[in-house]
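Participant: Spelled out from the first residue to the last, the chains are:
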Amino acid sequence: MLGKTANGLFWMYRSLERAENISRLVETGQRIALTRLESSDGEWLSIMQTAGVADGYLSRHDEVTKEAAIDWMLRSRDNPSSVLSAISAARQNARLVRTALTHDVWEAMNRCYMQVRERLARKVNERDLPAAIDMIKQHTALVRGTTQGTMLRNDIFNFARIGTYLERADNIARILDVKYYVLLPSVNSVGSSIDNVQWETILRSVSARGGYRMVHGNQACSVDIARFLILDRRMPRSLKFSISKIRDNLDYLASDYGLRHPCHAQVDTLVRRFMSHDIDSIFEYGLHEYLQDILAALAALGHQIEIDYRFYE
Amino acid sequence: MSETPIFDEMWGRDADLRAPYRRFQNWFEGEDIARLRAKQREAEEVFRLTGITFNVYGRAEAEERLIPFDIIPRIISGREWQRLSRGIEQRVRAINAFLYDIYHRQEIVKAGRIPEQAISRNDAFLPQMIGVEPPGGIYTHIVGIDLVRTGDDQFYVLEDNARTPSGVSYMLENRETMLQMFPELFSQNRVQPVQSYPADLRRSLASCAPNGSDSPTVAVLTPGIYNSAYFEHAFLADQMGVELVEGNDLRVVDGKVAMRTTQGYQPIDVLYRRVDDDFLDPLNFNPDSALGIPGIMDVYRAGRITIANAPGTGIADDKAIYSYMPEIVEFYTGEKALLENVPTWRCSEPDALAYVLDHLSELVVKEVHGSGGYGMLIGPAATRKDLAEFRKKLMARPGNYIAQPTLSLSTVPIFTRNGLAPRHVDLRPFVLVGPNGINITPGGLTRVALKKGSLVVNSSQGGGTKDTWVLED
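First to last, the protein sequences are chains B and S.
Note that the first sequence covers residues 1 to 313 in my numbering.
Note that the second sequence covers residues 1 to 473 in my numbering.
Hints are supplied without guarantee of correctness; some may be wrong.
To give a feel for the contact side, a few chain B residues facing chain S, derived at Cβ under 8 angstroms [claimed, not checked]:
1) 3
2) 107
3) 221
4) 233
5) 283
Covered stretches of chain B, as calculated for chain S (at least 3 residues, CB under 8 angstroms) [claimed, not checked]:
6) 145–152
7) 260–272
If you are wondering where the hints come from, they were derived from the structure by calculation, not from laboratory data.
Heads up, the beta-carbon is just placed ideally off N, CA and C, and yes, glycines get one too.
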């Protein structure tokens, strides 16, 4: 496979995952706004921080309003992480690697792009927001579904998965970091039960509310949420799950190609350093520091994969 | 502007149904117009979803356009096709022999059949190719011959495409779409298949590999996703099961051109390139090109890669050389050309220029190096102002133009809101050349002018395409 093709697959699926996560965050933000009496537009700033798009927003806007925030996250061309930008990037990469995709995947991706672009051609008004977000989630799910259902399990698939899970791990670490940073300024509050709406925000934004309830019941507690989203190996959006998928797929590549690279040692170290402790030691170390370390390690891993598999010249 | 009515390929000149269309007409009469309208929309949806689009140069990414597809097939009888393909084969052989000759001994110039400066002063002539032996002696591996028809037995070659003929993906997708939408038509008519083209192309390319490679690695070279024909490049690579590469995926490693894979550099034996000569090798040609592979020409000269088509083949499809094609065919095959050329005035010659200036409003004037229907004057359709402006251009650089009479091109019906309506067409058959022989896909790409009376069939200017059938007689 061409290095360029591996690069295109990696970014196609990263962008797709990003589009989905951003649309989930918008959905969450809207839900908070609607269900909380004392909610203010200021909460959208925290949502945008979670999505990692707040700085860009503030450099182009004087104040935070709900309409402007939703527009920034869903459809702004100036925001490279808006849903529309991410879907466009995914489709552009899909065109680049078209020969590596099945007809079904290409068609699902192309349809996703055409429909989302049409839907987001104009500002989405409040009444249409739930339908628009559903549509985005459905179409990204179709691409993922055709990928699962029609693609050969070879190196092409592995690079697609690595892109997906690197993005997912990165997103979950950011969500946890921002939320805990914002919500728990003092160490004392760790372990105390937290505001109902706030925990819902976190769990909803990763579609984990039902799963959490099955594992931990109805009592929301910040330590349990952190444990669930960081260390639960059954939760498909947890850090542990995502990172182990990255490792699995890198291992498949190593056995397929008969060659281990520095990125393999790096992912092993990442698992050993971050996934082998219990939640108490993580809090003891400092959750923020822990998450920042993980984010840096994920970025370094991504960079090493690019080098090892010759994404660029 | 002829007095006789225009020749329609379905109805002839006198509304007399022609034989190849008999079964089709039978079927069409039994069809409901509303149902066909729905089918036409369905076809467009399929094309859009599959991404069968072309990019318009200089526009934003949003500008991926569909080439309109018309559901009425263009039908050619087996007998007609046999005659055509003999003429095409003869012409393609001559083009190849001509290319070998002008990059070697230039016998045709010595024999006085072509003026020396028609070669040496031609921008499409590549001095870097002089004396180079292309693997298998083949210059044009893939050729498209543009034909027009004016009567029952009257075909003309409008131009030869010996550099990088495009459009074959439309030929294949058009057939695929018709098979899906109207399977019954293919039970009622015995249509010669075209689907083996990608396999034929791969086999033909592989057979041209440099000596000593028994299972050669083939790749398609594209300028990238912003190129207007990117869809076709990806399509062909996909259908052949080979890699689609760009210049920055390639470099010269150990005397071979190699592509950067996830497992290191892997050598390539045959490169089907869809980039122009100028952008092939910044060391040997255009030094500003970001697209090329530095040093590929040295590998080529050493006989260690096949470039299809060979660099420098453009000299054979140049519009000024076109006017010499009857002589070229005769010189190399010893036979009279089976396919006629459109009579052509070379404006570089004073007598011809004088004639052209006198008859500007009756003629079609084309730029020697132009393509895509740009920079061309259609006299009968031009305004007084157009004519005056063109006259100035023509006098300033006569050598840059050729002129031809306006032919009354044949028509084929298209499907409109009100049923069938005749529109002008041309035909581009696709030819593969290998050391083991020449392979012509039955049919080719029919381009159709969708505007009533229009003669411009180019997709960049609003033309559409049709499925082209060659019947088994």
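Participant: Within the segment 260–272 of chain B, is the number of residues with a Cβ closer than 8 angstroms to a Cβ of chain S three or more?
Facilitator: violated (count 0)
Participant: Three residues or more, CB to CB closer than 8 angstroms: is that satisfied between the segment 145–152 of chain B and chain S?
Facilitator: violated (count 0)
Participant: Residue 233/B was flagged as interface toward chain S. Is the shortest Cβ-Cβ separation under 8 angstroms?
Facilitator: Not OK, violated: residue 233/B not within 8 angstroms of chain S, min 29 angstroms.
Participant: Would the hint on residue 3/B be counted as holding, given a Cβ-Cβ threshold of 8 angstroms to chain S?
Facilitator: 5 angstroms, holds
Participant: So, as I understand it, the hint says residue 107/B touches chain S; can you test that by seeing if any CB pair is closer than 8 angstroms?
Facilitator: Status holds, d = 6 angstroms.
Participant: Does the nearest C-beta of chain S fall within a distance shorter than 8 angstroms of the C-beta of residue 283/B?
Facilitator: It is violated, given that the least Cβ distance between residue 283/B and chain S is near 40 angstroms, above 8 angstroms.
Participant: Hint residue 221/B vs chain S: min CB-CB distance below 8 angstroms?
Facilitator: Since the shortest Cβ distance to chain S is 45 angstroms, the answer is violated.
When held up to the earlier numbered hints, the structure conflicts with 3, 4, 5, 6, 7 and fits the remainder.
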